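Residue numbers (the numbering used here), protein chains in the order written: chain S, 1 to 458; chain C, 1 to 458.
Just so you know, these hints were derived from the structure itself, not from any lab.
None of these values were measured; they are calculated from a predicted model.
Mixed in with the good hints there might be a few duds.
Below 20 Å or equal to it, Euclidean Cα-Cα: the simulated EDC-like pairs (lysine to aspartate or glutamate) are [stated by the list, open to error]:
(1) K287(C) / E258(C)
(2) K287(C) / D425(C)
(3) K208(S) / D237(S)
(4) K208(C) / E203(S)
(5) K208(C) / D237(C)
(6) K208(S) / D164(S)
(7) K208(C) / E32(S)
(8) K208(C) / E36(S)
(9) K208(S) / D60(C)
(10) K208(C) / D237(S)
(11) K287(C) / D311(C)
(12) K287(S) / D310(S)
(13) K208(S) / E36(C)
(14) K208(S) / D425(C)
(15) K287(C) / D68(C)
(16) K208(S) / D33(C)
(17) K287(C) / E257(C)
(18) K208(C) / E27(S)
(19) K12(S) / E36(S)
(20) K208(S) / D237(C)
(21) K208(C) / E165(C)
(22) K208(S) / D68(C)
The chain contents come next:
Protein chains: 2
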Amino acid sequence: MRLSTLLGPDLKAVLTRGEEALRAALEDVHAEDIAEIVEDLDVSDATLIMRALPADRAADVVERLPSDRQVAILSALGDVDAAEILVEVDPDDRVDLVQELDEDRRQEVLAALEEREPEVAEEVRELVGYHPETAGGLMTTELVRLGPDTVIADAIAEIRRLSDEDQAETIYYVYVVGYGDRLLGVVSLRDLILARPDHTLSEIMTEKVVTLIPSDHQERVANMMARYDFTALPVVDEHGVLLGLVTVDDVVDVVIEEATEDAQKQGGIVPLEDSYFATNLREFVWKRGSWLVVLFFGQLLTATVMRRYDDLLARTIDLVIFIPLIIATGGNAGSQSSTLIIRGMTLGEISPRDWVRVVAKEISIGLCLGVLLGALGFLRAFLEDAELDAVRLSGSVAISIVAVVTLASVVGSVLPMVLRRFGFDPAVSSTPFIASVVDVMGLMVYFGVATFVLHLAF
Amino acid sequence: MRLSTLLGPDLKAVLTRGEEALRAALEDVHAEDIAEIVEDLDVSDATLIMRALPADRAADVVERLPSDRQVAILSALGDVDAAEILVEVDPDDRVDLVQELDEDRRQEVLAALEEREPEVAEEVRELVGYHPETAGGLMTTELVRLGPDTVIADAIAEIRRLSDEDQAETIYYVYVVGYGDRLLGVVSLRDLILARPDHTLSEIMTEKVVTLIPSDHQERVANMMARYDFTALPVVDEHGVLLGLVTVDDVVDVVIEEATEDAQKQGGIVPLEDSYFATNLREFVWKRGSWLVVLFFGQLLTATVMRRYDDLLARTIDLVIFIPLIIATGGNAGSQSSTLIIRGMTLGEISPRDWVRVVAKEISIGLCLGVLLGALGFLRAFLEDAELDAVRLSGSVAISIVAVVTLASVVGSVLPMVLRRFGFDPAVSSTPFIASVVDVMGLMVYFGVATFVLHLAF
Chain S
1 MRLSTLLGPD LKAVLTRGEE ALRAALEDVH AEDIAEIVED LDVSDATLIM RALPADRAAD
61 VVERLPSDRQ VAILSALGDV DAAEILVEVD PDDRVDLVQE LDEDRRQEVL AALEEREPEV
121 AEEVRELVGY HPETAGGLMT TELVRLGPDT VIADAIAEIR RLSDEDQAET IYYVYVVGYG
181 DRLLGVVSLR DLILARPDHT LSEIMTEKVV TLIPSDHQER VANMMARYDF TALPVVDEHG
241 VLLGLVTVDD VVDVVIEEAT EDAQKQGGIV PLEDSYFATN LREFVWKRGS WLVVLFFGQL
301 LTATVMRRYD DLLARTIDLV IFIPLIIATG GNAGSQSSTL IIRGMTLGEI SPRDWVRVVA
361 KEISIGLCLG VLLGALGFLR AFLEDAELDA VRLSGSVAIS IVAVVTLASV VGSVLPMVLR
421 RFGFDPAVSS TPFIASVVDV MGLMVYFGVA TFVLHLAF
Chain C
1 MRLSTLLGPD LKAVLTRGEE ALRAALEDVH AEDIAEIVED LDVSDATLIM RALPADRAAD
61 VVERLPSDRQ VAILSALGDV DAAEILVEVD PDDRVDLVQE LDEDRRQEVL AALEEREPEV
121 AEEVRELVGY HPETAGGLMT TELVRLGPDT VIADAIAEIR RLSDEDQAET IYYVYVVGYG
181 DRLLGVVSLR DLILARPDHT LSEIMTEKVV TLIPSDHQER VANMMARYDF TALPVVDEHG
241 VLLGLVTVDD VVDVVIEEAT EDAQKQGGIV PLEDSYFATN LREFVWKRGS WLVVLFFGQL
301 LTATVMRRYD DLLARTIDLV IFIPLIIATG GNAGSQSSTL IIRGMTLGEI SPRDWVRVVA
361 KEISIGLCLG VLLGALGFLR AFLEDAELDA VRLSGSVAIS IVAVVTLASV VGSVLPMVLR
421 RFGFDPAVSS TPFIASVVDV MGLMVYFGVA TFVLHLAF
């Protein structure tokens, strides 16, 4: 049950009673829950709520809205209100938000922001240049950076100050920088608290720092965080200059988002921007239809192949009735292989250079599975009340299944690696795509085998 | 390139030079990188390395190994060595590890642990009862818990002590507990540092705490963390008694692991325990073969359906050549729908109670896509040099595509919801499974439509 349904009539009543009443009603509600309400209201009611909230609370709510809602609300609010909220939004979210606005609106809001907080505005202009799905796009510039000679006690005092003014995304790491903001080391808050207050940062810092560069893709960032168990990683440029910081809470969102995108690509859909119910018919038809049309044209080849074998097919329908069984079985085996390889590449476990090992492995797996399923196919065909010689028919079906399953396993594994090797997204070789390729191959194998076996004299 | 390949000959040389040399060589290497080396060596060499490391470093390495490796190494080490490492392993990882050991070995190691650290051993025995994929299985019991009347200065001193003795998984939250360990509130380290030292915890604590219960599934835990942007969440029992704490770094691992499992289920594979290359042929044949056999039996129905329509099929192969095209197009549309619904349910965006809205949406999407693809099918069939009347053939193909695509969209969306509703894992309705169901339906629709259209007088 959505909160807004639950609160429905009460909420409507409060909305008409003005800002004061609204502010009082929302005082104790978690920002996440206000966001859920705002998401379900129409834009004008939602804007009323946003105006009633203090700017910092409004910012917490905005951060939790889906991107189309954020844009709608920031556009409905005046430039000044929007700028006031933007100042309070986390820097990394702020940039994403400004990036979502259309060009005109972006300039208006940035101008209003410039007037209020020139430094913030400049920082946004700088960060807007990074792609949102990279470390540069995910990072915040609000971090604790101090010189190597800072005494522990002073460092703690500085953390207090920054935290008090809400100018640090995380206070759990202090980054030690030297000349030209070059990153020298890192000190955790834990180390700070445990150290003697008169020591300096350079005495207790860890010099081997795992770092990111701005162009690192978010998937790599997530894998690094999971691998090294850090709650934040610094971003540096090619000269080792500290640019910003990516925190683990942003990474959880990223991992969930990536998993959704990957699942949709695997299912043959152009990834959606929003949730299922928030996506409209036109977008669905476009994002599903474009792939379906491509796959349809691929599938047209099956009709062409079958027409080429019309003599064989016209002789008896005994062969025809096993067509769906054979091509679908191949498609299933191929889908399994492509799923395993695509996921393995995403996790960094498999690289296109491993192709020899992969092909060797898939051939042995494919042969085992093929023989197993071929035996079942032989039995089924043998029991068929057929016009053709039972052994020849069953033999054709069984041999075809072995060949198709093995071939499909190899194709399903090699195709994603080839795509990756040439710089394409391997997820293009989605389950339906592999199935289509395998359908065409499967028909050719089956008709080839059947022609050979039926002409065989024995 | 794997580190072990890079270091290969050097490593072998060092391994023969004894513990001292090994320890010196590994001193500056990150635990993650040692883990990579240990993963690639055979068990006896790996055990040499583990013995050479101090227990706390060995524990860091063990935490990073895949589970089969962990078990192999803990079994190869003596009970006492194993217990010594276990003491240093993070409590939540420790329980997972003990859970992986076989029953006999588990009792031996726990006995050795009991002798060294009776409290730790008892805690493990307690936590082993929770399923590893729940909040109970993920949680650690090493957290900072203090009474409400504790003065800030004392709280900070206590955090120092616990952190110094490595007895807190996170020091970023202090949990305030009352009588019987009931959770009263939470104070972040940030709040502590900012507060006046003579205040008490009860004065600054947040009383509205978002909590987990031990049986919460890890997917829910991950969604809660992403939603509320916390770096740790407390676990309480039904009476509000604080049991433990789940930290965000464990959740990142969990989200990646879940995404892998989901992808494999969607591809029609029983999820693998290990990485692609670490999985052997027998396991692959079993985990892929079991689904392929089930799907194969389902696909046998296609042969049965086709045999029932052999009169129709024997008349001309014009109808036959469009069979793969029609059933594959249906399968693709159905796969898209099931992918969207399964992912939506995983994220909590769609619930089985939404079925009316989903079906309405899928009917309209399916009709749009069906008409689009049906038009293409009409053109292709019309251009075919067919024995049948071109309009009748093309009409049969087009109408069938519209019907099959719409039906497939509905079935692909409803089936996962029905499975979830009756307590099954919706991922059982994998892409290949939906395709198989749709193949059988598609044939029946196509032959039904063709029979009707071809007999139609016009």
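Against the structure, the hints:
1. Between K287(C) and E258(C) the CA atoms are separated by roughly 17 Å; this keeps the pair inside 20 Å, and the hint holds.
2. Taking the CA atoms of K287(C) and D425(C), the gap is near 17 Å; set against the 20 Å cutoff, the hint holds.
3. Pair hint K208(S) plus D237(S) holds up; C-alpha atoms about 16 Å apart against a cutoff of 20 Å.
4. For the given pair, K208(C) sits about 40 Å from E203(S) by alpha-carbon distance, which is inconsistent with the 20 Å threshold.
5. At roughly 16 Å between alpha-carbon atoms, K208(C) and D237(C) fall within 20 Å of each other, so this suggested pair holds.
6. A threshold of 20 Å between alpha carbons decides the hint, and for K208(S) with D164(S) the separation of about 30 Å lies outside it, so the pair is violated.
7. With a C-alpha separation of about 13 Å, the suggested pairing of K208(C) with E32(S) holds against the 20 Å cut-off.
8. Distance check on the hinted pair: K208(C) and E36(S) sit about 18 Å apart at the alpha-carbon level, within 20 Å; holds.
9. Taking the CA atoms of K208(S) and D60(C), the gap is near 17 Å; set against the 20 Å cutoff, the hint holds.
10. The suggested pairing of K208(C) with D237(S) is violated, with an alpha-carbon distance near 41 Å, which exceeds 20 Å.
11. Between the alpha carbons of K287(C) and D311(C) the distance comes to roughly 40 Å, so the proposed pair goes past 20 Å and is violated.
12. For a cut-off of 20 Å, the pair hint linking K287(S) to D310(S) is broken: about 36 Å separates their Cα positions.
13. Between K208(S) and E36(C) the alpha-carbon distance is near 18 Å, which keeps this suggested pair within the 20 Å criterion.
14. Distance restraint check for K208(S) and D425(C): the Cα-Cα separation of roughly 44 Å exceeds the 20 Å cut-off, and the hinted pair is therefore not satisfied.
15. A threshold of 20 Å between alpha carbons decides the hint, and for K287(C) with D68(C) the separation of about 17 Å falls inside it, so the pair holds.
16. Proximity of K208(S) to D33(C) is assessed by CA-CA distance (about 13 Å); at most 20 Å being required, the pair is judged to hold.
17. Between the alpha carbons of K287(C) and E257(C) the distance comes to roughly 17 Å, so the proposed pair stays at or under 20 Å and holds.
18. Straight-line distance between C-alpha atoms of K208(C) and E27(S) comes to about 13 Å, which keeps the hinted pair within the 20 Å bound.
19. With a CA separation close to 15 Å, the supplied pair K12(S) and E36(S) stays within the 20 Å bound.
20. For the proposed pair K208(S) and D237(C), the alpha carbon gap of about 41 Å is over 20 Å, so the pair is violated.
21. Of the pairs offered as hints, the one joining K208(C) and E165(C) is violated, with about 30 Å between alpha carbons and a cut-off of 20 Å exceeded.
22. Our distance criterion of 20 Å between C-alpha atoms is broken by K208(S) and D68(C), whose separation comes to about 30 Å.
Violation of the numbered hints given earlier is confined to hints 4, 6, 10, 11, 12, 14, 20, 21, 22; the remaining hints are satisfied by the structure.
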